[in-house]
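Undergrad: If you want the building blocks of each chain, they are given just below.
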Amino acid sequence: MRTIVLRGGSHMTAADKGQAKRNRKGQAGVKKKILNIMITVLLGFPAAVMVFPVLFAFSGVFMSGYELKQYLGPVLAGAEGMARWPLVPHIPTLSPLVELLIDSPQFFVMFWNSVKLTLSILAGQLLVGVPAAWGLARFSFPGRKLLYTLYLVLMLMPFQVLMLPQYIVLERLSLLDTHAGIILPAVFSTFPVFIMYRFFHGIPEAILEAARIDGAGNLRIFLMIGIPLGSAGIVSAMILGFLEYWNMIEQPMTYLKTRAQWPLSLFLPEIGLDEAGTGFTAAVMMLIPALLVFLGGQDYLEQGIAAAAVKE
Amino acid sequence: MRKKKTRKKQDWAGLLFILPSLAGVAVFTLIPFADVIRRSFTAAVTGMWVGFTNYRTVFANTAFRLAASNTLRFTLVCLPLLIAVSLALAVLLQNLIFGKNLLKSICLMPMAVPAASVVLVWKVLFHRHGLINALLEKAGLGQIGWMETGCAFAVLVVSYLWKNLGYDMILWLAGLAGIPTEIYEAARVDGAGDWKCFLLITLPNLKSSLYTITVLSFLNSFKVFREAWLVAGDYPHQSMYLLQHLYSNWFRDLAFDKIAAAAVTTAGIVFVLIMLLQRMWEQE
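If you read the protein sequences in the order shown, they are chains A and B. Here the first sequence is numbered in my numbering, starting from 1 and rising by one per residue. Here the second sequence is numbered in my numbering, starting from 1 and rising by one per residue.
Because the hints were derived from the structure by calculation, they are not lab data. Please read these numbers as outputs of a predicted model, since none were measured by experiment. You may find that some hints are simply not true.
[Claimed, not checked] Simulated pairs of lysine to aspartate or glutamate, EDC-like, Cα-Cα distance not exceeding 20 Å:
no., chain 1, residue 1, chain 2, residue 2
1, B, Lys-223, A, Glu-244
2, A, Lys-33, B, Glu-137
3, A, Lys-69, A, Glu-270
[Unchecked claim] Here's a subset of chain B near chain A, in silico, CB distances under 10 Å, partners left out:
no., residue
4, Phe-17
5, Thr-57
6, Glu-185
7, Arg-188
8, Val-189
C-beta: ideal position from N, C-alpha, C; glycine also.
Let the hints inform the model, and build the full structure from the sequences given.
TA: Structure, rendered in structure tokens:
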């Protein structure tokens, strides 16, 4: 009896006080945790909306033409009522996929065009851009600051500004309507240089100094130290580049007239709603490489994006 | 002293590393751009010097005025929206215990999705008898002509937000990670709550990120043309007719004098923005 009164009153022992404090803290912790989980659940809704378009495209691949017509009839053929879309097909089928792979040789040509353009551009950027980034990041010659600013400005110029200048050169070099005409200007894009610059810049000078004392020349230092230590930046730039050029629309639209030269990104919009089955399948075929690169390189991608945000 | 000497010795070697890149940049961008500046002051056919006539023609052009005002409206609506929403997402996501990485991946994924891959989805969603209208109808709200009315502008805004939210969120997260945790701990000891911490510590510390993010988002906003063009073609509803449409249509009509003047003007605006950005960076 007496002890209870004491506990309820102000005569708490030090140990009791500690216990109470821990309890309160524990309670607050639980509350915080619940709030935290609630935020996760709440964010789940917008997240679901964001993935929906991708799930949509994927589910379309496994739908037969008949089912597609049923669901999308009001959109495709002006049928009565409204469109519906169950994310899981009633009777899953691979027939649209087979149709696309067997019956449309065009698809293969354009898929290959996309691959060729993207990989050539990235290879060129590696060859030209990596040394340029190294040169900008690790040497201090007169005019370096000016060059840096020039590269930054060019990186941020929208295509609409460069459209006419590039057209003029391509016409002079008679590269219009050729793949080289798309590849070459992109190889000299300053964007990857800027990203890699940021990573090369972060390599401690002491390491390079040590190599120099050991008698390593500039080229050797670049190849043996710069490239390995800056590899995260190189990978980041390549991943950002892949996503950009795989999705390239403006340049081929402006400079390529011959259909056989087109990349997938120009071919897809030509598939009308009446061939929705083929359309979804082709769209997903284009989506898969990009998603794989994204999933495989997400960490590098994030680093590459963040590289632009950190000030010089 | 010694260090300075060794550095100086290697000075010009740096230029050798840059030379191939610089040569390409000069050939494909710098020299032709200088030519475009010249052309912007000459007539397209005769090549005669005409002073500012091309610029005057461009600014007086009704299509240009429509496109410029749409582009400006798009920027003024989208930028604050994107920046605020992505900041909110980043702050909420930063301290999550569960699902942080999954949510981050989901937000970032649209960046990887080629615009051409979702054209069909966009068309089915925003068609008059499409899925969004089907939902609205069920809710008793009636149909909206998404692509045929001023709502086309909203479609454009949604596309831009969908594509760029994750990108901006990563930029914000990078900014947030740069704020030392000690400041928060000190504030907590002084009894500051979550909201107070956000207003008095987080926001002021993100000022320099804000500027970078604004400029990068503005420049990414030019790429919304892809979605717009894919969904609605060369001549979309007039509420989503952007400068990018106009330039590419002028290009098809070979109106090089007009494009030259317009490109130089756009380049000038972008240039001024970037210089301001650099000034900001240097002041830090």
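Undergrad: If a hint holds in the structure, say so; if it does not, say that too.
TA: Against the structure, the hints come out as follows:
{"no.": "1", "hint": "Lys-223(B) / Glu-244(A)", "verdict": "holds (11 Å)"}
{"no.": "2", "hint": "Lys-33(A) / Glu-137(B)", "verdict": "violated (39 Å)"}
{"no.": "3", "hint": "Lys-69(A) / Glu-270(A)", "verdict": "holds (19 Å)"}
{"no.": "4", "hint": "Phe-17", "verdict": "holds (3 Å)"}
{"no.": "5", "hint": "Thr-57", "verdict": "violated (16 Å)"}
{"no.": "6", "hint": "Glu-185", "verdict": "violated (16 Å)"}
{"no.": "7", "hint": "Arg-188", "verdict": "violated (12 Å)"}
{"no.": "8", "hint": "Val-189", "verdict": "violated (15 Å)"}
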